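> Knowing the structure of chain V, use the given hints to seat chain U with the ligand on it.
As given, the protein sequences belong to chains V and U, one line each in that order. Counting in our numbering, the final residue of the first sequence is number 343, and the numbers go up one at a time with none missing. Counting in our numbering, the final residue of the second sequence is number 1229, and the numbers go up one at a time with none missing.
FYI, nobody ran anything at the bench for these hints, they're computed from the structure. Warning: the hint list may mix true and false statements.
Claimed, not checked - With beta-carbon atoms standing in for the labels, derived distance ranges:
| hint | chain 1 | residue 1 | chain 2 | residue 2 | range |
| --- | --- | --- | --- | --- | --- |
| 1 | U | R1105 | V | R144 | 57 to 63 Å |
| 2 | U | D1008 | V | L77 | 39 to 45 Å |
| 3 | U | P1177 | V | V88 | 30 to 36 Å |
Please read all numbers here as calculations on a predicted model, not as lab measurements. Think of the CB as a built atom: it goes at the ideal place given N, C-alpha and C, for glycine as much as any other residue.
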Amino acid sequence: MKKHLNTLFVTTEGAYLRKEGQAVVVRVEKQTRLRVPLHNLDGIVCFGRVGCSPALMASCAKGNVSISFLNPYGGFLAAVTGFSPGNVLLRRQQYRAADAADSTLAIAKEIVAGKIANSRSVLLRAARDISAPDAQEQLQRAARRMANDVTMARNETSLDALRGREGESAATYFQVFSSMISPQATGFAFTTRSRRPPLDPLNALLSFLYSMLTHDARSACEAAGLDAAVGFLHRDRPGRPGLALDLIEEFRAFLVDRLTLSLINRRQIQSSDFEITQSGAVLLKDKPRKTVLAAYQKRKQATITHPFLDEKTTIGLLIHLQARLLARHLRGDLDAYPPFLWR
Amino acid sequence: MISMSYTDDELLPISALQHLVFCERQCALIHIERLWADNALTVDGHLLHKKAHDNSHELIDGVRVARSLWLVSRRLGLVGQADIVELHRDGSVVPVEYKRGKPKRDRSDEIQLCAQALCLEEQLETSIDRGFLFYGKRKRRTAVAIDASLRDQTGAVIARLRNMIDRQQTPTATRQPKCENCSLIDLCLPDGQRFRNGVAAWNQRQFAVAAGDDAPLTDSYDFLSAEAN
Ligand code: SF4
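The shape of chain V in the complex, shown without the other chains (with noise of 0.2 Å):
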């Protein structure tokens, strides 16, 4: 079992790491920084030029560790996995249900509704939250016209439908996200999703976050025995993780999008945290990235019950639990994959 347990993040350009022991051991100018038994950890991601030492990714391989490499954006790179001998029969199933168009379908459809549900509970949540009447009544008619959405997207008969559907419903959720936007969170407007490059201090947030929890799917896609790239509802595109992205959407708004907001309106992070590059993209500067990525990790220690397996467990888990639930449905154990639904 992947206990819920820690992500190294090495943000310290000109890093290396390397294993001493049963511990990770990082050195910066030849000095040791950090030292992390790697039994208590179930992954490591290096952000920029951050070196690692073949020994420890061989081990990391071996102990199930994810490895990471990312660039200062969040954006993937590279990942160390080890060869993964067991479960070429669940990956055969994956791959099958992958090619048939009904078993497809099934699975993205319970992902898209999923992910318009959790959406819709967030704005309902913060339309609940805010005193604001007529950002109270934005989100509110955003999210029944949603309502909608989610029980459409059960009914389509097509992925390409299925694709419009949901779309759709983002455009809609979008267009209100500045209303959960605190007044005094200078700075942070949204006018538009904008991805590569993010182009403004929230896209920036978001996108850096959607890149943690990618490479935390892929793990759990890897853990559960899956292949972290052949999805349902993302088609496969070489160097694309289709199922880590169709994995991340049900926690997209529930996980992300509340933990940005959170930040902004507590002024935990401001624009001023953000610096433009000369290409253009916004990029969080070294010291708020801290502060980003510890409370991501915070948020994923929080407790919470899963509604379909009835325990209660970590939000770090979830995507795990997911993951299983998943393998469980493609092996034939559950005759339909449910998805996280967060209310």
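Just chain U with the ligand now, kept in the frame of chain V:
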């Protein structure tokens, strides 16, 4: 059992017999789906085994003691390793298996020992009438008679294992008290099986609620205040 000779690829680990006796599903998760989870129990077990497995031969009181001997039976299609095999002067061969904790309710330890004996009989062309189990908690040996009844039971478990592996079918889970002690509980999700054949219906209900405007909101979070402290 039909008499035949299994090839390398078809050999099954002796340890799978114990998993099968404990829980068929656990056995399938480990040996068909190749999921494995270390917990305190298994880690402990490895440490204990390290002592027995240092691969040496010793002469103790005139008894040759072989450690970590590889076992194989082509006839039964089993492979494994014996903690200790004693080779006595009178030609008798005695397997000794180390176990943490105390004797179990089921006969899985005896069955494992018997399977080891069957391998040794085939490899050394001998016959074995007893072995020992050594329990960490008790710190002494318990003699086990490798008699007809134990051999029959072991044969039956081997046949069941072979059958399950050949079918490549993982049995579904039912929640039982022993699940509490199962290292695979978080991979197995025995409670999710409560909804067996009912997930589609569950989704239907949940989404109906989720799409309703009057859906009650749980109060686990206060949106603007309690977060990201
Ligand atoms: S959790 Fe229970 S049903 Fe599942 S493998 Fe373990 S003992 Fe068997």
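> Within 30 to 36 Å or not, the Cβ separation of P1177(U) and V88(V)?
holds, 33 Å
> Could you see if the CB distance from R1105(U) to R144(V) stays within 57 to 63 Å?
holds, 59 Å
> With 39 to 45 Å as the target window, see if D1008(U) and L77(V) comply at their CB atoms.
holds, 40 Å
Consistency note: the structure conflicts with none of the earlier hints.
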